[in-house]
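Enquirer: Each chain, letter by letter, is given below.
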Amino acid sequence: MKERIIEIIHKYHADKTRLMDIMLDIQDECQYIPEECLDILSKELVLSIADIEQTISFYHFFSQKPRGKYQVYINQSAVAYMMGQSDIIEAFEDELGITLGSVTEDGAIGIFGTADIGMNDQEPAILINKRVFTQMTPYRVRQLIDDMKAGKDVKDMAVKAPGSGKNSDPLIDAMVHSNIFRIGPLLANDYKPFDYLKDNLSKIKAESIVEELKKSNLRGRGGAGFPTGLKWDFCRKSSGHDKYVICNADEGEPGTFKDRVILTEMPELVFEGMAIAGYTIDAHYGILYLRYEYKYLETYLNDLLNRMREEHLLGENIAGISGFNFDIRIQFGAGAYVCGEESALIESMLGKRGEPRDKPPFPVEQGYLDQPTAVNNVETFAAVVKILTKGADWFKKLGTADSAGTKVLSISGDCQFPGIYEVEWGITIQDMLDMVGAKKTQAVQVGGPSGTLIGPEDFQRSICYTDLSTGGSMIIFNRDRNLLKDVVRNFMEFFIDESCGSCSTCRIMPAVMLDKLDKILHGKGVKQDIRDLEEWGTVLKASRCGLGQTAGNPIVMSIKNFRHLYNQLLNRDELKYNGFNLEEAIQESCQVVGREPVIDHGHLKNGRERPECKANGTHKPECPDLSGHKDFEHRATNL
Amino acid sequence: MSKLIKFNIDGQECMAEEGRYIVDAAKDNGVYIPTLCNIPGLKPKGSCRMCTVKVNGRLMTSCTTPVSDGMEIENHIEEIENYRKMIVELMFVSGNHFCPSCEKSGSCDLQALAYRYQMMVPRFPYTFSQKDVDGSSPLIIKDQNRCIMCKRCIRAIIDNEGRSFFTFKNRGIKLEVIMDKEMGQRMNEAEAEKAMEICPVGAILKKEKGYDVPIGQRKFDMKPIGSEIEN
Amino acid sequence: MSKPVIATTSLAGCFGCHMSLLDIDERILELIELVEFNKSPINDIKKLTKPIDIGIIEGGCCNSENVEVLRYFRENCKTLISFGECAIMGGLPALRNGIPVEECIKEAYLDGPTVQLNKDKVLPNDPELPIILDRVYPCHEVVKIDYYLPGCAPRADFIWEAVVALVTNNEMAVPYEVFKFD
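Chains as they are written, first to last, in our numbering: chain A, 1 to 639; chain B, 1 to 231; chain C, 1 to 182.
Just chain A, with the same shape it has in the complex (with noise of 0.2 angstroms):
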C-alpha cells in the first residue's frame, strides 16, 4: 500500500496545499485514512502528524476509522425529516442491526447522517459511496441492503431511475432531478455556448467588461450581495504574480440546490463566466471548488473541461487571444460547510482546515496563495455571461431598483412542486408561495438557517437585496409542522455541527442556545428563558464569518415572528421553579443503592421529629474500626 500512497502524493508533486486531494484520492483507495498514511504523508510533506490530524478531523467525510465499503450518508436537513427521513434511518437500523453512525461488523455497511446534500426537492436523499439515491422508501432501502449484501457496485443497484435532464447523461447517471419548473433569462435556451468567448472577448477591453458590470447592478448571488463588478475591478487592480478565479460552488446553505442544477445543465455558462473573469482579472488559473456531496458530477464536469481544452477554449491564447492563458481545475470539498465562505474555502483549498480568515485583507488582495483572487458564486458567473451578451441596460430593466436581474430560486418543503424557480427580484412572498402551488403556509424560511423565518403577517413582503435577501433558498411549512421542534431544532443542531470554532462567540453559544430551546420544549422554560436567549444571541455579531453571525438566527428569528409558540411552552413560577426537577435528578442514585425515589424531609418545614432510624437488615450502622487499615494509617502517619 505505501507505494500507491506515495504514487498519489507525487501525483500531487508532494505539495501540502493539495492534501485536500491527497487525502480524497487516499480515501478512495482505502475507503478511509488508516494511522500508517499518516507517518508517510508527514515524511512526504513534511507536516506533523497532529498537522494532518487537524485537516482530517475538521471535514465531515473524512475518517481516520473505517467506515464501511459501501458508507451510506442519510441526509438530516429539516426538509429531509419532513419527507420520512426517520422511516428510511429506521429501516437502515432495523435491517443491518446496527444505529446511525456506526458500521456492520462485518465492515461492509456504515450508515451516518450527513447535513443537507442538496437534494431537498427529492428527499428523502442518500448518499452511497458518492452516488446519490433520492425519494427513497423503506422498501427501496431493503432492497438497497440487499444489492450492497451481494457486494453490488453502487452503479449496479436495483433500485435505479433515469434521472431528468441531463442527469442521464451517461457521464452523470444519476438519478437525480433538475426539477427546473420556471425558466427566466438566465436559464433560458437563448445560450450558445462559449460564443461570447469565441467571438466578442477579442473584441472588449477587460475595463470594459468590469464598466459592464459595473453599470449592470449585478451582485454576488451566493447570498452576501457584494457588487460583482466592483470586486473583479478591485482584483484586477491588486498587484500579485498571479491572480485566480474561483467558483463557489460549495452551495451548503441547506435548502439550496440551484448550484447543483445549473452545473448540471449548463455548466458551459459557468466555466464561459470563470474564464471571462480570467481575462478580465488577468488571472491564468480558475478552480471550480465543489462541494464533496455533488462528486457524482465530477466525470462529467472533467469531460466538458477536456472538451474546452480541446477547442482552445481553455489552455494558451484562449479564443486567439495573444497571452490570454486560462485553465480550470476542480477542487473538492470533503464537507464543511462554512467553506462556503469565500476566506474559508481558500484555506480548505490550501489542504487545511476551513477556517475563515480575518479582513482585511480581502481575497480580492490577498487570497489563494495570498495572491489576488476573485471568489464568486456559481450563478453570478452564469449571469456575467448573459449580460456581457445582452447588455447591462437589458439586465437593469429586469427585477427592481435596487437588485437587478433574476434569481434562481431552490424551493422546498410543503408545496407541490418543489424546484428550481427562476424569478426576477422583487416577486413577492405570497406570489411565490401561490407559483409552487403552497397551501395553508405557517412560515417560510427565506436564504436557508442563516436567514430568516416569517410568518403570514410578513408574506407580502418581496425577495430582493433591500427587503428578504436571499441566497436562494426557500423552504416552506405547512401548519401541521412544529416549528420550533422540527425545524428550528434541526437549524440550531446544523450550525453547532457545522461551526469552525474558532471564534469564542459561535463555538460555544448556539450550543448554549440550544440547551436553553430544549429546556424550553421539554416544558421546564420561564419567561426569563426567552429574553435570555433574545439578549444572547446579540454576542453571535461579533463573530468573524457570516456562520457565526447568524448562527443564532432560527432562535431569535423565531422568537421574533412566533413568539406565540414559545408563550404557550413556558412554565409560569419563576421564583420557585428554575427547570430543575428533583423527581428526576434523584432517579439514578436510588437505582444505584436501590432504594424508593421517595423524598421525606418535611422535618425540615413542620418541625415534626426526624423519622426514626429503620436499619433495614443488611445495613447496622455503626463505627467501624480503622485501626490497622493501611490506608488509615498511611493517612494518620502524614497527620
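Honestly, the hints are just simulated from the structure, not real lab data.
Backbone N, C-alpha and C define an ideal beta-carbon position, used for all residues, glycine too.
Treat the hints with care, since some could be wrong.
[As the list claims (entries may be wrong)] The calculated label-pair distances, taken between Cβ atoms and stated as ranges, are: (1) B:D159 x A:P227: 41 to 47 angstroms; (2) B:N8 x C:T168: 25 to 31 angstroms; (3) B:L42 x C:L117: 54 to 60 angstroms; (4) A:E534 x C:G98: 28 to 34 angstroms; (5) A:R142 x B:K207: 55 to 61 angstroms.
[Unchecked claim] Think about it this way: if two alpha-carbon atoms lie no more than 30 angstroms apart in a straight line, the pair counts; the simulated BS3-like pairs of lysine-lysine are: (6) C:K144 x A:K516; (7) B:K194 x A:K16; (8) A:K516 x B:K194; (9) A:K65 x B:K3.
Here the structure of chain A is known, so what remains is to put chains B and C in place on it, guided by the hints.
Expert: Here is chains B and C on its own, set in the frame of chain A:
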C-alpha cells in the same frame, strides 16, 4: 518610520503609525482593549473576539484591524463591554474553570478579565466538561477542560522545522487543542516553560510546577489586567 | 424600625464560607447592631422562626435535602444570596459532574481504598438518608438567586461590604483586592 495618522477612540484623539493594529495603537495612547488570544509579535488570529470594537460603526477585532486615518473607534461603550463580558462568561461555562484548584489562579488572563468585568456569576449554565487530560509529555500536562482555544500555543510553540507542537482537532463545540504525541516526547525545558507561560489560562502546565507564588503576590492579585496600560 | 433578619445555611459546602464570615472579626459587633440573626450554624438556631430578609446560602446542591433546604430558604427569604464558589458553580463537589452517579457511588462504597470495611457491600439506601442527585447543581439552577458573592472562601472584607450595602440599601463597593474566585 511610516506616516503618523490621527484616529479617535471613544472621542479621545489618538495618534499612531499607519498600519499598526488598533489594539497596539490604542495601547500606545494609553487605552486598554482587552485581549486573550493576542500575543504581541505573532500574527494575530482574532479568535477570542475579546478585543472587538466598533470601527466606523462596524464590529471588528482590534488585534487584526490596522488603524487608518480618521478612524472612529468605539471601545468602552455598553454594547461592546457587554459582549466582552458575555465572552468571558461563555469561556467560563464551556470548560471547567474551577479557580480554587487551578495552578494558574491569580495569574490567569481569563480570571483577570472576569475580575475586571466583575463577573459574579456567568449568566450561562455551566457545562462541567469532562475532556481528557494529556500527561504523555515528560514535561507538561495539557488539560483540555481549561483550554479556551486561543491558539496561542499553536502559533508560538514551534520546532526548528517550523512545525507546531500543538494543533486543533475537530471543529465547532468539539474543537480541541491537541499535542503531537511524538513531538511532546521531545519537547525541551525552554519550550515547556514557554508553553505554560504563553497559555493565558491553566490548560498547559509544566509538571512539578505550580502554586509557587503566595496569594497576594500573584500577577493579578492587586492590580487589574490592563491597569499597566491605562493612564 | 426593626432590624433586617438574616439566616444562613451550608448545603454541599465545607463551612469555609461561614468561617470567612467570622473573619470580619470585631465588626461582628457592628453587624449584630445592624441585623438580627435567625437560623444559622453560627448561633445554632435550627429552624426559621420568622420571615427572613436576607438568606445566605453556602454550598451547592448535591442531594435531595440540599434542594429542600434551598427551596425552604427561597420560600421564606426576601433576598437570597449565593455565597462562595460551591453555591455559585458547584465547586469542589461538582468535580464529580460528568461522572456517572453509579461510578461515584461504587468508588465511594465498593471500589475505593476503604472498601474492605464494607464487607457486605452495602450501598447507603436507608430512607432516612438524603438522596444523591445525578449531579451537583449550582443554587441558581434550582431556585432564583438574587445576589452572588464569589470566592473560595469569599474574603471577609468582601462579605462585610456586601452585607452592609444590602442592609443599608447602598450601592456596594467592590475593592479589587477582595473580589477573588479563589
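Enquirer: Does the alpha-carbon distance linking K194 of chain B and K16 of chain A stay inside the 30 angstroms limit?
Expert: holds, 28 angstroms
Enquirer: Decide if the proposed pair is consistent with the structure: K65 of chain A and K3 of chain B, CA atoms, cutoff 30 angstroms inclusive.
Expert: violated, 55 angstroms
Enquirer: Using the C-beta atoms of D159 of chain B and P227 of chain A, is the stated range 41 to 47 angstroms upheld?
Expert: holds, 45 angstroms
Enquirer: Measuring from beta carbon to beta carbon, are E534 of chain A and G98 of chain C in 28 to 34 angstroms?
Expert: holds, 30 angstroms
Enquirer: Does the Cβ-Cβ separation between N8 of chain B and T168 of chain C fall within 25 to 31 angstroms?
Expert: violated, 41 angstroms
Enquirer: Does the hinted range 54 to 60 angstroms hold for L42 of chain B and L117 of chain C at CB?
Expert: holds, 56 angstroms
Enquirer: When you check the alpha-carbon spacing of K516 of chain A and K194 of chain B, does it fall within 30 angstroms?
Expert: Violated, at roughly 39 angstroms.
Enquirer: Range first: 55 to 61 angstroms. Now tell me if the beta carbons of R142 of chain A and K207 of chain B are that far apart.
Expert: holds, 57 angstroms
Enquirer: Are the Cα atoms of K144 of chain C and K516 of chain A separated by 30 angstroms or less?
Expert: holds, 16 angstroms
In summary, the numbered hints that this structure violates are 2, 8 and 9.
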